[in-house]
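Chain order of the listed sequences is A and B.
Counting in our numbering, the first sequence runs from 1 upward without gaps.
Counting in our numbering, the second sequence runs from 1 upward without gaps.
Hints are all accurate, no fakes.
Pairwise CB distance ranges (calculated):
id: 1; chain 1: B; residue 1: Tyr55; chain 2: A; residue 2: Met59; range: 14 to 22 Å
id: 2; chain 1: A; residue 1: Thr22; chain 2: B; residue 2: Pro94; range: 55 to 63 Å
id: 3; chain 1: A; residue 1: Glu3; chain 2: B; residue 2: Asp135; range: 38 to 46 Å
id: 4; chain 1: A; residue 1: Lys12; chain 2: B; residue 2: Glu449; range: 52 to 60 Å
id: 5; chain 1: B; residue 1: Ser21; chain 2: A; residue 2: Met1; range: 47 to 55 Å
id: 6; chain 1: B; residue 1: Arg257; chain 2: A; residue 2: Asp38; range: 51 to 59 Å
id: 7; chain 1: B; residue 1: Asp135; chain 2: A; residue 2: Asp38; range: 28 to 36 Å
For the record, the hints were derived by calculation from the structure and aren't laboratory data.
Bear in mind the structure is a predicted one, so any value in this text is a computation, not a measurement.
Virtual Cβ for every residue (Gly too), placed ideally from N, Cα, C.
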Amino acid sequence: MKEEMIFERLEKVFREVFDDETIKLTKETPSSDVEGWDSLSHLLLIQSVEDEFSFSFEMKDIVSMENVGAMIDIIKEHI
Amino acid sequence: MSFINLQKKIKNIQAEKPNMSLAVLGDVSTQFLKIALQAIGMDNDIILDVYESQYDVVIQEILDDDSGLYQFNPDNLLLYFSSEKLLDDFYHCPVKERTGFADNWMNSLSSLLNKISVKMKKTNILIYDFIEKDDGIFAGYALKTESSFLYQVRKLNLLLSQEIMKRKNVFIVSLNSLALEKGTENIFSYPLFDASKVSIKPDYLEELAKRTISVLSALRGKIRKGIIVDLDNTLWGGVIGDDGIDGIQIGEHGIGRAFLRLQKYLKEMERRGIVLCVCSKNDIGNAKEPFISHPEMILHLDDFALFVANWEDKATNIRYIQSVLNVSMDSLVFLDDNPFERNLVRTMIPEITVPELPKDPSLYVSYLRNLNLFEVTSISEEDSKRVSQYQAEGKREEAKKSFTSIEDYLKQLKMVSKYSSFKEKNISRISQLSLRSNQFNLRTIRYTESDIKRIINDSNYLTIEFSLNDRFGDSGLISALILKKDENILFIDTWIMSCRVLKRTMESFIINQLVELCREKGITQLVGEYLSTKKNSMVADLYQRMGFIKSEDGLFVLNIRDAK
Numbered sequence: 001m002k003e004e005m006i007f008e009r010l011e012k013v014f015r016e017v018f019d020d021e022t023i024k025l026t027k028e029t030p031s032s033d034v035e036g037w038d039s040l041s042h043l044l045l046i047q048s049v050e051d052e053f054s055f056s057f058e059m060k061d062i063v064s065m066e067n068v069g070a071m072i073d074i075i076k077e078h079i
Numbered sequence: 001m002s003f004i005n006l007q008k009k010i011k012n013i014q015a016e017k018p019n020m021s022l023a024v025l026g027d028v029s030t031q032f033l034k035i036a037l038q039a040i041g042m043d044n045d046i047i048l049d050v051y052e053s054q055y056d057v058v059i060q061e062i063l064d065d066d067s068g069l070y071q072f073n074p075d076n077l078l079l080y081f082s083s084e085k086l087l088d089d090f091y092h093c094p095v096k097e098r099t100g101f102a103d104n105w106m107n108s109l110s111s112l113l114n115k116i117s118v119k120m121k122k123t124n125i126l127i128y129d130f131i132e133k134d135d136g137i138f139a140g141y142a143l144k145t146e147s148s149f150l151y152q153v154r155k156l157n158l159l160l161s162q163e164i165m166k167r168k169n170v171f172i173v174s175l176n177s178l179a180l181e182k183g184t185e186n187i188f189s190y191p192l193f194d195a196s197k198v199s200i201k202p203d204y205l206e207e208l209a210k211r212t213i214s215v216l217s218a219l220r221g222k223i224r225k226g227i228i229v230d231l232d233n234t235l236w237g238g239v240i241g242d243d244g245i246d247g248i249q250i251g252e253h254g255i256g257r258a259f260l261r262l263q264k265y266l267k268e269m270e271r272r273g274i275v276l277c278v279c280s281k282n283d284i285g286n287a288k289e290p291f292i293s294h295p296e297m298i299l300h301l302d303d304f305a306l307f308v309a310n311w312e313d314k315a316t317n318i319r320y321i322q323s324v325l326n327v328s329m330d331s332l333v334f335l336d337d338n339p340f341e342r343n344l345v346r347t348m349i350p351e352i353t354v355p356e357l358p359k360d361p362s363l364y365v366s367y368l369r370n371l372n373l374f375e376v377t378s379i380s381e382e383d384s385k386r387v388s389q390y391q392a393e394g395k396r397e398e399a400k401k402s403f404t405s406i407e408d409y410l411k412q413l414k415m416v417s418k419y420s421s422f423k424e425k426n427i428s429r430i431s432q433l434s435l436r437s438n439q440f441n442l443r444t445i446r447y448t449e450s451d452i453k454r455i456i457n458d459s460n461y462l463t464i465e466f467s468l469n470d471r472f473g474d475s476g477l478i479s480a481l482i483l484k485k486d487e488n489i490l491f492i493d494t495w496i497m498s499c500r501v502l503k504r505t506m507e508s509f510i511i512n513q514l515v516e517l518c519r520e521k522g523i524t525q526l527v528g529e530y531l532s533t534k535k536n537s538m539v540a541d542l543y544q545r546m547g548f549i550k551s552e553d554g555l556f557v558l559n560i561r562d563a564k
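The following block holds chain A by itself, in its conformation from the complex (with noise of 0.2 Å):
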């Protein structure tokens, strides 16, 4: 699946968890710079984001991510 294809529905699913249409997503974003990006949320993130590509992320992942970038990387890896 093409990159961009990815951010697009990431950047969904981003607005979906996190209940805010205007997020606008870039490789860099960290997760500091998304509002409401706590552990908690984090964790979510991660659930919508399974079942919206349709993989698991390993445990090293989940605790791993800190921005856009790294989460798109692994899950161009897994589909």
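With chain A held as given, fit chain B onto it using these hints.
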């Protein structure tokens, strides 16, 4: 992701005034659970003020006299001991002592419960039971040895059950049952657990929260006490008035099995103390017949506190039932296969619970079970006597005349009836109506399809078919008339109508159309006849009600000139 919706729901919960306090103590992460409980609570008019202990300090919170728990002093306490932590405890236990693991664990819990009861006498305690996971160490041998985790965790659940039977204010919410239904594999994720100590995937928390809130709701007094049931196509397949006792479907064969299952379910509910009543559109004799003479019926007349069968609208009948039972309307449940009846009752009586039964009778019981409408937190001997109490009372109250907004209800249904002479494609249906209809059938003359065809082609006859459509759907062809011309008299040879559409003003509508038709064709008299049978007493006075006059030879005559 359904959990996200739960989160959205509680966005503004801070603005609401709490009406119940709940402390949640867990040895795994409870943050998502708290959100789910608050959201589902809101659905049930429960605004929760939740105290969440720090992660995994359950024992400390209970043993420390000055803990946050005791300062909070909640109405209710939820204890969540996870299988994951239990397994850890099991592995810490010396192998030699493992056969006593469940007993020892239960003893410790018993002491904790005692301590809580002393410090907070009025607090209700809810405990999640353990998911009976297999650690696989003993493989298939696990249940052949008392030293396996699987054996001990199953034993522990049993001990838990026995322990709380001694304690009036302690209840179990079965997490194990939920895991069985949804699949342990689905609700637990190792990566998620390792990363966050969240032991149940958030999407499954909605169902767990529902089952928890259900108990809290019952503790608040929201208890349902009675079920009012329709008969035709609800307790048996078919219509007793038309199909007769040999035609209805109930029993071990075919689709009768589905209805048997519902009857068994209702019978067990009755044994538990839930009151059963009948509310059916039928002649009372017909309605009672299966209970008396059908050998495969599970339910019998004495299972019902009240047996109401007439041609009144169901809202009126339900109000009567409620007044005799003298319980609040919101403690009653109404079961009916017919969406029209369900919606009528829902609209006229908003407080009563009307499950949206699935179309397939095979699914009635599982649907009802999943709705979990009859949560209960105490059962006494008196409950099972309650049914016979109602019967023994023998009160014959006058049916409460309800303020009839039935007319208004019918108006907003936006009923549309189309009519025409018999259409080719409906010959089969019309013949069926003619052969099967017993109740709304004025002369009970049976016509086969070829008879109908013949009549259509005979210029001495006029035929009219009526269909009915409303806001809820298309009822299709519901009435058929065959009229014989004789100079300027029109004789109603056949008038049959589906019983499902009675009390919706169709009868008047049809007569009005007939009158119009007569005027068009220069007919001066409309003549009808009623031939009495065992089953059609309901239409004995139909013509009179429609303004016809009984002549000496027993026929009913309407002079078109005088007709309204």
